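S.K.: Keeping the supplied structure of chain A fixed, place chain B upon it in accordance with the hints.
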Amino acid sequence: MLKGVNAVVESGEMVSIMGSSGSGKSTLLNILGILDTYDAGEYRLEGELIKQLNEKHAAQLRNQLIGFVFQSFNLIGFKNAMENVALPLYYQNVSRKKRNLIALEYLEKVGLKDWAHHMPNELSGGQKQRVAIARALISKPKIILADEPTGALDSQTSLEVMDLLKGINDQGITLIIVTHEHDIAEMTQRTIHLKDGNILG
Amino acid sequence: MFDLDKWQEIFSNIRKNRLRTFLTGFSVAWGIFMLIVLLGAGKGLQNGVKSQFARDAINSIWLNAGKTALAYQGYQPGKEIKFTNEDYQLISQKYKRAEHISARMHLWNISLISYKSKFGNFNVKGVHPDMVFPEKVILTSGRFINDRDIEENRKVTCIGKKIVDELFKAEEPIGKEINVNGVLFKVVGVFYDDGGDQDNRRAYLPVSTTQRAFTGNTQIDQVVMSINEKDVNESEEIVNELRALLSARHHFDPNDQKAIFVWNNLTEYKKIMSLLNGITIFVWIIGIGTLIAGIVGVSNIMMIVVKERTVEIGIRKALGASPWSIIALILQEAVFITSLFGYIGLMLGIFLLEAFNKYLPASDFFKNPEVDLSIALYAMLLLVISGLFAGFFPARKAASVQPIDALRGA
Numbered sequence: 001m002l003k004g005v006n007a008v009v010e011s012g013e014m015v016s017i018m019g020s021s022g023s024g025k026s027t028l029l030n031i032l033g034i035l036d037t038y039d040a041g042e043y044r045l046e047g048e049l050i051k052q053l054n055e056k057h058a059a060q061l062r063n064q065l066i067g068f069v070f071q072s073f074n075l076i077g078f079k080n081a082m083e084n085v086a087l088p089l090y091y092q093n094v095s096r097k098k099r100n101l102i103a104l105e106y107l108e109k110v111g112l113k114d115w116a117h118h119m120p121n122e123l124s125g126g127q128k129q130r131v132a133i134a135r136a137l138i139s140k141p142k143i144i145l146a147d148e149p150t151g152a153l154d155s156q157t158s159l160e161v162m163d164l165l166k167g168i169n170d171q172g173i174t175l176i177i178v179t180h181e182h183d184i185a186e187m188t189q190r191t192i193h194l195k196d197g198n199i200l201g
Numbered sequence: 001m002f003d004l005d006k007w008q009e010i011f012s013n014i015r016k017n018r019l020r021t022f023l024t025g026f027s028v029a030w031g032i033f034m035l036i037v038l039l040g041a042g043k044g045l046q047n048g049v050k051s052q053f054a055r056d057a058i059n060s061i062w063l064n065a066g067k068t069a070l071a072y073q074g075y076q077p078g079k080e081i082k083f084t085n086e087d088y089q090l091i092s093q094k095y096k097r098a099e100h101i102s103a104r105m106h107l108w109n110i111s112l113i114s115y116k117s118k119f120g121n122f123n124v125k126g127v128h129p130d131m132v133f134p135e136k137v138i139l140t141s142g143r144f145i146n147d148r149d150i151e152e153n154r155k156v157t158c159i160g161k162k163i164v165d166e167l168f169k170a171e172e173p174i175g176k177e178i179n180v181n182g183v184l185f186k187v188v189g190v191f192y193d194d195g196g197d198q199d200n201r202r203a204y205l206p207v208s209t210t211q212r213a214f215t216g217n218t219q220i221d222q223v224v225m226s227i228n229e230k231d232v233n234e235s236e237e238i239v240n241e242l243r244a245l246l247s248a249r250h251h252f253d254p255n256d257q258k259a260i261f262v263w264n265n266l267t268e269y270k271k272i273m274s275l276l277n278g279i280t281i282f283v284w285i286i287g288i289g290t291l292i293a294g295i296v297g298v299s300n301i302m303m304i305v306v307k308e309r310t311v312e313i314g315i316r317k318a319l320g321a322s323p324w325s326i327i328a329l330i331l332q333e334a335v336f337i338t339s340l341f342g343y344i345g346l347m348l349g350i351f352l353l354e355a356f357n358k359y360l361p362a363s364d365f366f367k368n369p370e371v372d373l374s375i376a377l378y379a380m381l382l383l384v385i386s387g388l389f390a391g392f393f394p395a396r397k398a399a400s401v402q403p404i405d406a407l408r409g410a
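Respectively, the protein sequence lines represent chains A and B.
Each residue of the first sequence is one higher than the one before, counting from 1 in the numbering used here.
Each residue of the second sequence is one higher than the one before, counting from 1 in the numbering used here.
If we strip away everything but chain B, and leave its shape as in the complex, we get:
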């Protein structure tokens, strides 16, 4: 397809009409630029939200005790439900569809942890060994809380990376004792959590030891579990079964949504993902709309070009140009302009996204805006096709030019 003569003509035509070519090209470049930036931003949003979910297992269910909203079996609404160890035992013994179950205690009023002369405010949680799964804790050294820690009320702890950074610096933390609100706990493990700073400022203690050392009762705040289910409906069914199981024990209406507040991560994840997919489709529509405006612009300009070149086309036809060679000439010019400026727009869009990536502080809901290579390639393909489209109608008009009218009219 490399035909110097044709290219020379395209270039001479472009040279003669610089402003016009620029304005046309600009609309195409702008279209593809917007498409890339919008898609990149959409992807950034998606990445951000995904990383929010990555902090915990997607198939996790978190049960929180709440207050009843419906009267039931003679109880007035507003009865406060409290979880205890028995709730944990009930679910872990009776309920087989849950895989990894753990109680969870938030010790919001206990936050001071010190080691030697260093101290800091951190977050203490009482948990069972299985908490590793729903919380997606990644052990970097040592071990997590185990069953014997629970049984023997051992004063051990698995601490987050941030605690190590602030209290131990380069010192090896395993085997050292840290002071949690006046009680000494031996560090048995260090973990990392994808959930960001907050999740890495935690110290996990055995739930039994926590109750004995700090609360003095058997109350727990949450029952957390991961389930072996990928299907949203199945997981909602599990939630309902759990609610029924607990309603019998705590005497609340099984239909009462407020008595136990349930966070089903899978449902929420699917909800957000379908929202994001919606946004992505929306972004595509806007981007392609902008691009179409550019294509129409090119098409318009090519129409004018054909009109201006009527005489030339007439001459060419008289000299033996076949209709196809005229069409090819016009199409080639249209494709060239759209491809060149589209490529410029594509590059500028990618540069902008890269600049976002580099200079914009990462936020929880916007992360790594990016356009993958296949999208960029599709965009290029789209451009070439749109160039063909933009050139088609003008080319057809050009091919129908009557040589003699063109020549006589001059």
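Here chain A stands alone, though its shape is the one from the complex:
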């Protein structure tokens, strides 16, 4: 339930959203990710008003503009790392051979080229999250939405993942990270605090 959220995230920023459970940060994330609709107000992404889109168009925008990283990784269990990374390109009708090749490149960027043919259940938590990040990157999105990206990881692995995300941000991709961990939030350039559906401060 969001009440008064008025925020602008500039292109290339790395922003964190903090708030306790029930603060509305999930709802905000859903709206930002075009996974959910809203009743009042406006959401503009890259200047385009995102409101009452049909499902097909919403799917296209998600595919082209947004990369998702989740707390629980959300890799598909019966596909290996490379196929998981390649999946967004499948929805852009890239040929199988080509998208697997591109997927290998991105796996290399996250340092997992040698694990390309492993299934998700053969990977550690940190490796899974890196595969998920590679998958978020492969469609060259403008913005990456990370929902508690380190929530399921130990602190050492968390740092590695945050380093990776920072590196991505350095290449100009906007990053929005939802978290309830202060040290994670501190690694971002700006933090938006949410409470009871309102922005604090």
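If you are wondering where the hints come from, they were derived from the structure by calculation, not from laboratory data.
Just so you know, these numbers come straight off a predicted model, no measurement behind them.
The beta carbon of each residue, even a glycine, is placed where N, CA and C say it ideally should be.
Each hint should be verified, as a subset may be incorrect.
So the derived list for chain B, only partly shown, Cβ under 8 Å to chain A, looks like this [to be verified]:
1) Ala71
2) Lys317
3) Pro323
Quick list of in silico lysine-lysine cross-link-like pairs, DSS-like style, CA-CA up to 27 Å [to be verified]:
4) Lys397/B with Lys51/A
5) Lys97/A with Lys397/B
6) Lys140/A with Lys16/B
7) Lys56/A with Lys6/B
8) Lys6/B with Lys98/A
M.R.: Relative to the frame of chain A, chain B by itself:
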């Protein structure tokens, strides 16, 4: 539509759930198997009964003398009616709606026929030349009884294939004389009849010669005719007219159904055919019912599949899958399972029918169970459609999965 990625997913899903896929597939395979076997059996029944009718012309009417059941013009019921040559003449001269008319004499007590040293028990019938038509006799050599045979009381005979097989073997029968109960008859023709062994063990003699040589009177057993009518009502009308014609001569009530026993082949044929059509419809209903049970089974399983794959569907949607691509994924899997197992059921059904055909002894009422190609194709079409149907509701459910609920719930 060949999309390796989609197929890979279908196969990996099937591999992960072998037992479940098998059980689902089995219900579909069983449904189509039953449909094919039932339809084949129905067809076998139809073929069998049709061949029973094929022995005689379908548009034939057979009149048998009977006993009156009603009192009439001072006669008590129970009067026996006897046909003589006059009845034959009356009908053939006065009645114009009958095409080919013949008297028929059964000589049940005369059955021994011999040629040289060989002999056997056969069946002797006294007939007119037109008997060829209602009896559907197919001449294989020589000729049938003709009018001059009747007029001149010639001792000639046209014999069935079985008699030739047993008495003559490879010897040419035409022109030879066979001994029928002590009287010699010259073979003038050989025939074949679709009616089976019984009909091929007959020797046809001219009715006049038969009366002179064996009975010594002018009595006949039946008057047989074929009519140029395809319509059942018309043929029943003809039967009534014949009954009226004969009632005047024999003094029985024209409404008395027992005085003359009439076998109207067309009526009987139509009756049996409508019964068979009824059976066929019934069989379709049962078969399709079984198939629907299978489809519901597939639909159910696909529902579970969708439930199990909620997270995956959520991921796909977040990554940019359109609702349609999700629907296509689920539908394709459903269609694949129903088509594959349906095809297996179809093949097994056809194999079973072929085995019936090959190893089951032919019976008079069950012959050549078969399913024609168009039915098999329709069944396949039905399967694909049913696969779509089975997948539709689960697919619609899958498309409505909220990605975030799916992902958060994991």
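S.K.: Would you mind marking each hint as holding or not holding in the structure?
M.R.: Now for the hints, and whether the structure bears them out:
1. Hint on Ala71/B is violated. Least Cβ distance to chain A is approximately 88 Å, over the 8 Å limit.
2. Annotation: Lys317/B was flagged as interfacial toward chain A, and the flag holds, the nearest CB pair being 7 Å apart, inside 8 Å.
3. The interface hint given for Pro323/B holds, since its Cβ lies 5 Å from the closest Cβ of chain A, which is under the 8 Å cut-off.
4. The suggested pairing of Lys397/B with Lys51/A holds, with an alpha-carbon distance near 24 Å, which does not exceed 27 Å.
5. With a C-alpha separation of about 32 Å, the suggested pairing of Lys97/A with Lys397/B is violated against the 27 Å cut-off.
6. The straight-line distance between the Cα atoms of Lys140/A and Lys16/B is roughly 33 Å, outside the 27 Å bound, and the hint therefore fails.
7. At most 27 Å may separate the alpha-carbon atoms for a hinted pair to count; Lys56/A and Lys6/B meet this at roughly 19 Å.
8. For the hint pairing Lys6/B with Lys98/A, the CA-to-CA distance comes to about 16 Å; that is within 27 Å, so the pair holds.
The structure does not agree with the numbered hints 1, 5 and 6 stated previously, though it agrees with the rest.
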